[in-house]
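Enquirer: Chains as they are written, first to last, in my numbering: chain C, 19 to 119; chain E, 30 to 224.
Bear in mind the hints are in silico, worked out from the structure with no lab data behind them.
Remember, it's a predicted structure, so these values are computed and weren't measured experimentally.
Glycine included, C-beta positions come from ideal geometry on N, C-alpha and C.
The reader is advised that the hints may include incorrect statements.
Claimed, not checked - If you want the footprint, here are the derived chain E segments under chain C, 3+ residues with CB under 8 Å:
{"no.": "1", "stretch": "32-42"}
{"no.": "2", "stretch": "50-59"}
{"no.": "3", "stretch": "76-90"}
{"no.": "4", "stretch": "100-109"}
{"no.": "5", "stretch": "119-130"}
{"no.": "6", "stretch": "175-182"}
Stated by the list, open to error - Here's a subset of chain E near chain C, in silico, CB distances under 10 Å, partners left out:
{"no.": "7", "residue": "71"}
{"no.": "8", "residue": "95"}
{"no.": "9", "residue": "211"}
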Amino acid sequence: MTLEALLVVAGALFGIGVYGALSQQSFVMLMMGLELMINAAILALVALWALAAGGNPQGQMLAVVFMTVMAVEMALGFALITNVYRVRRADITEKLRRLRG
Amino acid sequence: MSEERLVDVLFWVFAIGSVVTGYRVFRTDSMVRAAFYLLASFAAVGGILVLLGAEFLGMVLILMMAGEMLVMAIVMVMFMMNPAGLNPMWMVHQHRIAVAAGVVAFLAIASLGFLVDFPDQPNARPELATEQLGIELLGDSMLVFQTAGVALLSTMAGVVVLASRRGRYGIADEGSEEPPLQPDEVDLLGEEATP
Numbered sequence: 019m020t021l022e023a024l025l026v027v028a029g030a031l032f033g034i035g036v037y038g039a040l041s042q043q044s045f046v047m048l049m050m051g052l053e054l055m056i057n058a059a060i061l062a063l064v065a066l067w068a069l070a071a072g073g074n075p076q077g078q079m080l081a082v083v084f085m086t087v088m089a090v091e092m093a094l095g096f097a098l099i100t101n102v103y104r105v106r107r108a109d110i111t112e113k114l115r116r117l118r119g
Numbered sequence: 030m031s032e033e034r035l036v037d038v039l040f041w042v043f044a045i046g047s048v049v050t051g052y053r054v055f056r057t058d059s060m061v062r063a064a065f066y067l068l069a070s071f072a073a074v075g076g077i078l079v080l081l082g083a084e085f086l087g088m089v090l091i092l093m094m095a096g097e098m099l100v101m102a103i104v105m106v107m108f109m110m111n112p113a114g115l116n117p118m119w120m121v122h123q124h125r126i127a128v129a130a131g132v133v134a135f136l137a138i139a140s141l142g143f144l145v146d147f148p149d150q151p152n153a154r155p156e157l158a159t160e161q162l163g164i165e166l167l168g169d170s171m172l173v174f175q176t177a178g179v180a181l182l183s184t185m186a187g188v189v190v191l192a193s194r195r196g197r198y199g200i201a202d203e204g205s206e207e208p209p210l211q212p213d214e215v216d217l218l219g220e221e222a223t224p
């Protein structure tokens, strides 16, 4: 379990997340991509905390902040999905054309 | 098997498991199954965090994601078409750009470990990590901790407003449509719109 291996795993998760967030049409699938990216960020952060920063307690604190960001993002995302569905009957991004350039 | 070797084997099981299930999220026909694949991916990452000595963070991650994925599955059943996976699902746009961006992101982050010379300071006392985190949370970093709590509270209030049935232009189910953008389309005071 080396730092290089951990960063490769985090990079793979982040890459899959970028792919999902850019390619998926469905709102929920798009949010799953965002979640995977935050997942990768937490993994990379804790890897650096444990192997390169000597177990500094502030590193874990930062990971707690990341998890808060993840919870906020999920809650807002679900609320926006609910709202968009109510107002526009849309469940995929292609149905929202109002601000299309 | 020595303990170090066991940790290595477990790490590779979790690492490959998290990447494979993360990939399967976007390759399965059922959205609900995709949510549970994502949960598996998070659980594997939580396992890696535990192996790294961050037991508290790993367990909190698994706990949080278990709840979150159940909410996600319910949202899918409520709002999405075809959540059950009876038909093949392939709903993507700009697929090639997305694949290229994903590969570039992977290469950029994965190469960091080999290109950057990170300090080699492993955690000396990982068995104390949870205790240190608790003292940090309620000691020096209490302001950060409380700010996170207030942020979550304001998120709850904002989310309730966003998701409420009463929309900005009336009851959502009875056609809460926003007025048109062109001013001459607006029916002012119920009079006929000027042509």
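Enquirer: For each hint, tell me whether it holds in the structure or not.
Expert: Against the structure, the hints come out as follows:
no. : hint    : in the structure
1   : 32-42   : holds (count 3)
2   : 50-59   : holds (count 4)
3   : 76-90   : holds (count 10)
4   : 100-109 : holds (count 6)
5   : 119-130 : holds (count 9)
6   : 175-182 : holds (count 3)
7   : 71      : 6 Å, holds
8   : 95      : 13 Å, violated
9   : 211     : 13 Å, violated
Hint compliance for this structure: hints 8, 9 are broken, all remaining hints hold.
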